[in-house]
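**Q** If you're matching them up, the sequences are chains F and X in order. Taking this note's numbering, the leading residue of the first sequence gets 384, the next gets one more, and so forth. Taking this note's numbering, the leading residue of the second sequence gets 13, the next gets one more, and so forth.
Please keep in mind that the hints were generated in silico from the structure rather than gathered at the bench. Heads up, a few of these hints could be off.
[Claimed, not checked] Partial list, computed: chain F residues near chain X (C-beta under 8 angstroms):
{"#": "1", "residue": "A390"}
{"#": "2", "residue": "S391"}
{"#": "3", "residue": "F401"}
{"#": "4", "residue": "F404"}
{"#": "5", "residue": "T405"}
{"#": "6", "residue": "A408"}
{"#": "7", "residue": "L547"}
{"#": "8", "residue": "H550"}
{"#": "9", "residue": "A551"}
{"#": "10", "residue": "I560"}
{"#": "11", "residue": "R592"}
{"#": "12", "residue": "G609"}
Positions of the beta carbon are idealized from the N, C-alpha and C atoms, including for glycine.
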Amino acid sequence: MPPPSPASGRALLRFALFLAFTVLAALLVHAGIRLGLRRVETGFFGATNRMLEGRSAASIIVTGSSRALVHYDPRLLASATGLPALNLGRNGSHTGLQLAVLRTHLRYNSAPRLVIHNIDLHSLATPAEIHDPGQYLPYLDEPALYDEIRAIHPSAWAWRHLPLYGHAVADPRMHWIDGVARLAGIERTETLVDGFQPRAWSWTSDFERFARRAAGGYQVARDDRGRDQLAALLQLCREAGLPLILVFSPEHAAVRPLQLNRAAILAEIADLAASSGAPFWDFSESPLCLERSNFYNSQHLNADGANAFTRELARRLVAAGYTAQRPTSLP
Amino acid sequence: MLFNSLEFAVFFPAVCAIYFALPYARRTSFLLLASAVFYMAFVPAYILVLGTTIGVDFAAAKRIEATRGGTRTAWFAGSIVATCLILFAFKYYAFFTQTFVGLAEFAGWRPSPPALDLILPVGLSFHTFQSLSYVIEVHRGRQRAEQDWRIFATYVLFFPQLVAGPIERPQNLLAQFHARHDFDPALLKSGLKRMAWGFFKKLVIADRLALHVNDAYGDPAAHSGPQLAVATVAFAYQIYCDFSGYSDIAVGAARVLGFRLMENFDAPYTATSTGEFWRRWHISLSTWFRDYIYVPLGGGRDSPWRRTRNLLLTFALSGLWHGAAWNFVVWGLLNGIYVAAGHASRNGRERLWQRAGFGPEDLARKAAGWSTTFLLICLSWVFFRATSVPDALAILSRLATGWSELQVTTASCGPRQLAIGATAVLLLETATRFNRQRPIGPLLGSLPLLPRWSAYAGLLILLTLAGVHGGSRFIYFQF
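Modelling step: build the complete structure from the supplied sequences, incorporating the hints.
**A** Here you go:
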């Protein structure tokens with residue numbers, strides 16, 4: 384073996400010191416980004432930060448995926464019922480993650496008087512990936528969120544513990560820029576209203592493209608874990624004494640013939656709800672479902688559609704007695 | 013094993029440490045073993061394909077050197093045919109049988125040749141061409157046949173450039189396996205810097221722009237002219253940064269181990285003619301085709317017509333080398349036409365420029381040459397990136413549509429992604445030009461320790477945060 388020269392030894396030591404210096408710098412940057420994201424006041428980070436700081440004084444909370452996010456206007460719910468409302472819908476989230484968001488909300492905030500959980504046809508399925516995991520990176524020390532994310536992405540431990548690793552591999556939308564911007568005093572424009580994100584979009588061609596690909600119809604995914612997660616959500620509310628309503632908000636009627644096992648999925652959800660004593664309100668037959676002008680694609684109502692749907696839901700809530708002592712009327 | 017993987021982040025330092033710790037006599041064997049491990053991380057069984065090529069060409073080269081006359085020619089031809097047959101079976105069999113079946117059906121005959129259903133081994137065209145260049149050079153008497161099979165096998169398998177080049181000539185690389193390489197801190201430093209630059213190109217530029225390109229080219233009918241135009245320019249930089257980034261990492265990794273690989277790119281998008289572009293792009297392949305195809309065909313020696321024929325043939329073969337599909341052949345031919353037309357019109361263009369009062373160094377003339385070249389090369393990339401010739405033509409026809417709404421972003425590549433990609437491209441071009449006038453490396457090296465280390469650490473952190481770390485393959489791996 385050739386003997387190492389003293390110059391080589393010094394060079395290697397210097398290199399090791401540089402690596403240590405870089406790791407230290409990465410730790411500082413990581414901490415800075417996290418601090419910045421935890422201080423953001425707008426958008427999903429703002430909504431999550433307010434939740435973790437116990438600033439959500441809502442009596443009605445709405446949980447679910449993007450369909451919850453863009454369908455339920457808390458202002459209309461509050462106005463009709465007299466109960467302050469908050470939308471906790473998260474884009475692309477599955478039932479397990481929606482449950483984790485609900486658990487986290489309950490950990491830091493007073494218990495609501497009503498939970499409205501929006502159902503999707505995919506509510507019984509566990510995805511292979513978390514949608515936009517970057518939005519959860521500053522919150523991986525929250526046990527419920529971390530456990531669910533790790534169940535889908537076993538490598539999430541590295542996102543949590545290795546400096547910057549999560550932002551490198553799990554933050555394709557580069558949310559870290561928002562953290563850096565916040566530290567510099569820059570805040571993005573608010574896009575949410577009490578957690579609700581109205582989308583004033585007209586019909587896109589998304590559905591037509593999808594329908595061409597799935598011309599012969601498709602089986603909506605479901606799995607036992609997905610079912611267990613929905614059952615766990617029902618159980619959580621039952622054990623905590625939280626009134627819960629499962630709501631299947633409108634989807635455009637044209638998509639139904641393509642969903643080959645639609646009836647079976649909805650029946651399974653209805654069974655779960657019934658066994659837990661929770662009402663299941665299915666809006667599949669709402670006239671809203673027939674009008675394309677209410678949607679921007681088959682799964683999502685646009686702002687006008689969301690307004691009409693929330694009013695319809697609010698009336699039903701009032702009729703069912705979910706009101707404060709002195710309910711107000713809808714504007 | 014991908015350079016942009018955690019496996020390589022463990023593999024490379026371990027190989028370097030063991031390599032320099034071993035006695036000199038064991039180092040080549042170790043490099044061979046490490047290279048085999050690196051290659052087998054893709055599809056282990058395909059090491060046998062490489063082993064066959066290595067065995068055939070090693071034995072043939074020795075016989076070529078030892079014999080004369082017809083025997084020598086027979087060994088040479090046998091070696092070339094055997095090596096090319098492997099390439100044909102894995103890469104071109106399906107293409108040629110499909111083409112044959114298509115032509116036969118046109119003539120009313122319905123043949124059904126057997127399907128081989130082979131998966132193309134990673135980088136097959138690269139190591140096949142490297143091995144071929146060795147046999148050709150031995151046959152031409154410009155290279156002694158290697159007597160140690162381990163050294164020859166390491167020359168073909170050398171892991172930094174195994175799967176995507178540079179396609180080395182034996183005169184440069186083979187001799188280096190006979191030399192002793194001591195650990196050199198200066199080479200470590202400069203090699204790592206070169207690797208970091210390669211990773212910047214790959215992760216920050218190529219993979220970021222790929223988000224846009226994959227959206228637009230994946231579903232051209234759903235994207236407008238502005239989106240497709242941006243995607244085409246983005247692809248020009250994606251493929252450049254993907255491939256030259258790989259070359260930078262290869263050159264840097266080899267340098268850390270004490271080896272010097274040839275440069276494969278020389279700022280190709282600064283070219284002011286398509287001929288110059290091809291002297292700056294994938295230099296190891298361009299010179300391979302020049303030396304072993306174009307020049308033996310007669311090059312540009314005899315007549316303009318023969319030069320044009322030789323250029324078109326060489327570029328068509330170059331296209332076919334890239335991929336067994338007609339869109340690659342069209343891409344090659346299109347570039348051949350560019351270069352041939354450039355030769356044919358050179359005197360006329362020169363007269364026109366002179367009449368207009370512009371000399372060769374005038375900025376306006378250079379700008380016109382640069383922009384025309386870039387536009388022509390971008391148009392040819394449409395055929396390279398599209399999945400077929402009809403697909404490419406459909407994209408070209410859609411380029412003119414949808415300009416009333418200037419929508420340039422796509423679903424996966426929003427304004428933030430596109431801004432980062434565009435800024436990185438600007439940074440690349442600025443750094444390339446600045447580096448020519450005043451090398452950046454020594455400039456940073458002259459800073460005091462703390463600012464210097466802060467600058468390096470800052471760049472590494474930026475690379476981490478701004479890169480796309482999905483472990484995507486390099487485009488040229490498929491060739």
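**Q** Report the numbers of all earlier hints that the structure fails to satisfy, in ascending order.
**A** Going through the list in order, the structure violates hint 12 alone and respects the others.
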